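Student: Chain by chain, the residues run as shown.
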Amino acid sequence: MVPTRVVVVWCPELVVLADDPDRDAQGFEPVVAAVESLVPGVEVVCPGLVAVPARGPTRYFGDESRVAERIVEVVAARTGVQCQVGIADGLFAATLAAQRGLRVPPGDSVGFLAGLGIAELHQPAVTGADRAALVDLLHRLGLRILGAFAALPVDDVASRFGLDGVRAHRLARGLDERLPLRRPPPADLTVTRRFDPPLERVDAAVFASREAAGHLHTALASRGLACVRLGISACTEAGEELHRVWRYTESLTESAIADRVRWQLDGWLTSRGSRPSAGITLLRLIPEETIGGQALQRGLWGESGKDDERADRALVRVQGMLGHQAVLMGVLGGGRDPTDRVRLVPWGDGLTPVRDVHFPWPGRLPAPSPSRVPTHPLPAEVFDDAGRALGVNGRGRLTGVPYRIAAEENLPPRVLSWAGPWPLVERWWGPGGGRCCARLQAVLGAEPVEPSTEPLAVLLAYETGHWRVEGVYE
Amino acid sequence: MAGMAGMASAGVALVLQRVPVVPASTLGERLDVPGGRPPFPVVEPLALLLPRGLRRGSIVAVHGSLALLLALLAAATAQGVWAAVVGVGDLGVLAAAEAGVVVQRLALVPRPGLDPASVAAALLDGVGLVALAGTDRMPPGVRRSLAARARQRGSVLLPLGRWPGAEVELDCRVEAWYGAEAGYGRLRAREVVVRAAGRGAAARPRTARLLLPGPDGVVAQALPDLTPGIRAAG
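Residue numbers (our numbering), protein chains in the order written: chain V, 3 to 476; chain U, 106 to 339.
Keep in mind that the hints were calculated from the coordinates and are not lab data. Just so we're clear, the structure is a prediction, and the values are computed from it rather than from any experiment. Glycine included, each C-beta is placed from N, C-alpha and C at the ideal position. Treat the hints with caution; some may be incorrect.
[Unchecked claim] Derived coverage of chain V by chain U (criterion: at least 3 residues anywhere in the stretch with Cβ under 8 angstroms from a Cβ of chain U; other residues may be distant):
| hint | segment |
| --- | --- |
| 1 | 319 to 332 |
| 2 | 339 to 347 |
| 3 | 371 to 379 |
| 4 | 440 to 448 |
| 5 | 454 to 465 |
[Stated by the list, open to error] A few chain U residues that don't get close to chain V, going by computed Cβ distances all over 10 angstroms:
| hint | residue |
| --- | --- |
| 6 | A152 |
| 7 | S170 |
| 8 | G197 |
| 9 | A201 |
| 10 | R210 |
| 11 | A212 |
| 12 | L228 |
| 13 | M243 |
| 14 | S250 |
| 15 | R256 |
| 16 | R267 |
| 17 | P269 |
| 18 | G270 |
| 19 | R278 |
| 20 | G284 |
| 21 | R291 |
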């Protein structure tokens, strides 16, 4: 082999880059994705080399050479890279075939390998082992081709060359050095545990879940993935199933996965209403959404303190007792009404506002805002002193002087003072006519008026001919 | 510890001996003492009623006003403490934000189901301030266990209603609303009188005249000369 510095002298315009597997892998990723788009179960052997099981795609496309053509086409079309495809039995033979662009018929791989030079055993990028010394030794022993090495008895190879020799010998014989590890789509990361006898008690389920959680976490971590949405599914002997999806903003540690399993089972096994009638026989952990693990790096300081972690555990625990929708966080967004401006999202879901809070939102009510905002409209009626029902006319004015209100909610009836109405016309240009309403603030008191009663302020809205209580200033 | 001392130099061993060893089992009680963790802060106008803030592990009952509850949560959440409100189905989050509450740390459990006490107990484990509605019908045994949980975890339970044995009971009485006049102006501020009574250090009742909410949604002290100004601004 010619030293690099000699090559540079021969060829001064040559750019020499240092070996950097990270860079290689990064550049190779689009190729992997392109191959994965065509055939399932892609295994990245090293940057620059992927292995694909040939049987399934062959059945689908009809012919091995058609598969190879399709892969070359797709990779070239998507990434602009030319690739070579080789087909043979076993990863090692297939690698050597790919380097030559050959298709070795099934069963012929041993013969194909037998004719190749012994130096082919040294493939550090593929096999991960430095076999230069072994190759040199075999060469000096007079074994010039792989077939000669393969012809030696395994026992003799083991006693003379040790474990690495045996592995190299397996390769030379067309066997796999070890079983290939696929790079499966995330669905295959599901961890399933069957329990026989069925688990009746929570503590037994917790113990089992810890092991399963550790397994899932290791599986995720080894792929550099972090789970942001985990499905936990438990089945009982009687066929009942509880499936719940847990979502996270933080990276899921092993104990965090185990905690979720524990909380879900805890909540289920100890609930009064929907307690399962038999023990748990099956537990499944399904990572439904994964992201690159490095995207979940926590902040160095600030937001992610110890308090936040404790609070997260407590809130998730309550979610385990009552369900995901039971713990809500308010997200402030843009809008004109107290109802519009707040969106309640379950704890753990994304806290992004729907409408931009920084827009001016003309017509929105200034502070103070009502401390109670009914989640469903509370119908109300407004009357003048003669008992006539009042509304708001097309010009945005009250049709009389408010004197008394009636509402389903137990509110004081007498209107002491009021402000408004403020009309609000939204999206009148859009289909469906948009929205047209008027807001009125009223301070209510007891009837007859007594100085000792406490005044109560409410926010009323008038829309499509009806009043409703939009907020109570309590 | 002995192994460490044996390996370290004599000086280090001496220092190790001087540090008082606190068994983990007594840590809960230690939170009660004034030398334990500092109380949760309250905003300036409420310091008239709670000069020492919200003591960890205590129970502070709030009557008559959700705005008062929100004002109590404001300063603590701004300092990174988490808060939860259990059993209030229609809390105005916008009003909370205006009162100064950091809503990113305010969790709501509007429908706690048949057993709100166990929900509150779970929350007291990790959330510093837990407000709980519907405590009036709670049996004494449940109250005691909740109080013990709060004391043990160093959290503050804020029942929205009567709570016999609460360290402080805050009573809010509405005096007047300012700003709205027969169709003119808008609601600007509400004048209330809050009375704090309790036991122990809080045995002497205190009262404060406050604007709750004040003109911008934040609680403010009701000053005699300020009130006519707001009235006139209507």
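Student: None of the hints should be skipped; say for each whether it holds.
Tutor: Hint-by-hint comparison with the structure:
Counting residues of the segment 319 to 332 of chain V whose CB lies closer than 8 angstroms to any CB of chain U gives 9, so the stated coverage by that chain holds, three being the minimum. For a cut-off of 8 angstroms, the count of residues in the segment 339 to 347 of chain V with a CB near a CB of chain U stands at 4, and the three-residue condition holds. Residues of the segment 371 to 379 of chain V with a Cβ under 8 angstroms from some Cβ of chain U number 7, which satisfies the need for three, so the listed coverage holds. Note: the segment 440 to 448 of chain V has 3 residues with beta-carbon separation from chain U under 8 angstroms; the three-residue rule is met and the coverage holds.
Only when three residues or more bring their CB closer than 8 angstroms to a CB of chain U does the claim for the segment 454 to 465 of chain V stand; here the count is 4, and the claim holds. Chain V leaves U/A152 outside its interface by the beta-carbon criterion, the shortest separation being 21 angstroms against a cut-off of 10 angstroms. Residue-level check failed: U/S170 sits 6 angstroms from the nearest beta carbon of chain V, not beyond 10 angstroms. Here U/G197 does not stay apart from chain V, with its beta-carbon only about 4 angstroms from theirs, under the 10 angstroms limit.
Interface exclusion of U/A201 from chain V breaks down, the closest Cβ pair being 7 angstroms apart, not more than 10 angstroms. Its closest Cβ contact with chain V, about 7 angstroms, brings U/R210 to no more than 10 angstroms, contrary to its assignment away from the interface. Against the 10 angstroms criterion, U/A212 falls within the reach of chain V, whose nearest CB is about 5 angstroms from its own CB. Taking the minimum C-beta to C-beta distance to chain V, about 5 angstroms, the non-interface status of U/L228 is violated against the 10 angstroms cut.
The claim that U/M243 is not at the interface with chain V holds, since no C-beta of that chain comes within 10 angstroms of its own (minimum 18 angstroms). With a least beta-carbon separation of about 16 angstroms from chain V, U/S250 lies farther than 10 angstroms from that chain, consistent with its non-interface assignment. With a least beta-carbon separation of about 17 angstroms from chain V, U/R256 lies farther than 10 angstroms from that chain, consistent with its non-interface assignment. The Cβ of U/R267 lies farther than 10 angstroms from every Cβ of chain V, with a closest approach of about 17 angstroms, so its non-interface assignment holds.
For U/P269, the non-interface assignment is confirmed: its Cβ lies about 24 angstroms from the closest Cβ of chain V, beyond the 10 angstroms cut-off. With a least beta-carbon separation of about 24 angstroms from chain V, U/G270 lies farther than 10 angstroms from that chain, consistent with its non-interface assignment. Not every Cβ of chain V is farther than 10 angstroms from the Cβ of U/R278; the closest lies at roughly 6 angstroms, contradicting the non-interface assignment. The claim that U/G284 lies off the interface is violated: its Cβ sits roughly 7 angstroms from the closest Cβ of chain V, which falls inside the 10 angstroms cut-off.
Consistency note on U/R291: stated as away from chain V, yet its beta-carbon is not over 10 angstroms from all of that chain's, at 5 angstroms minimum.
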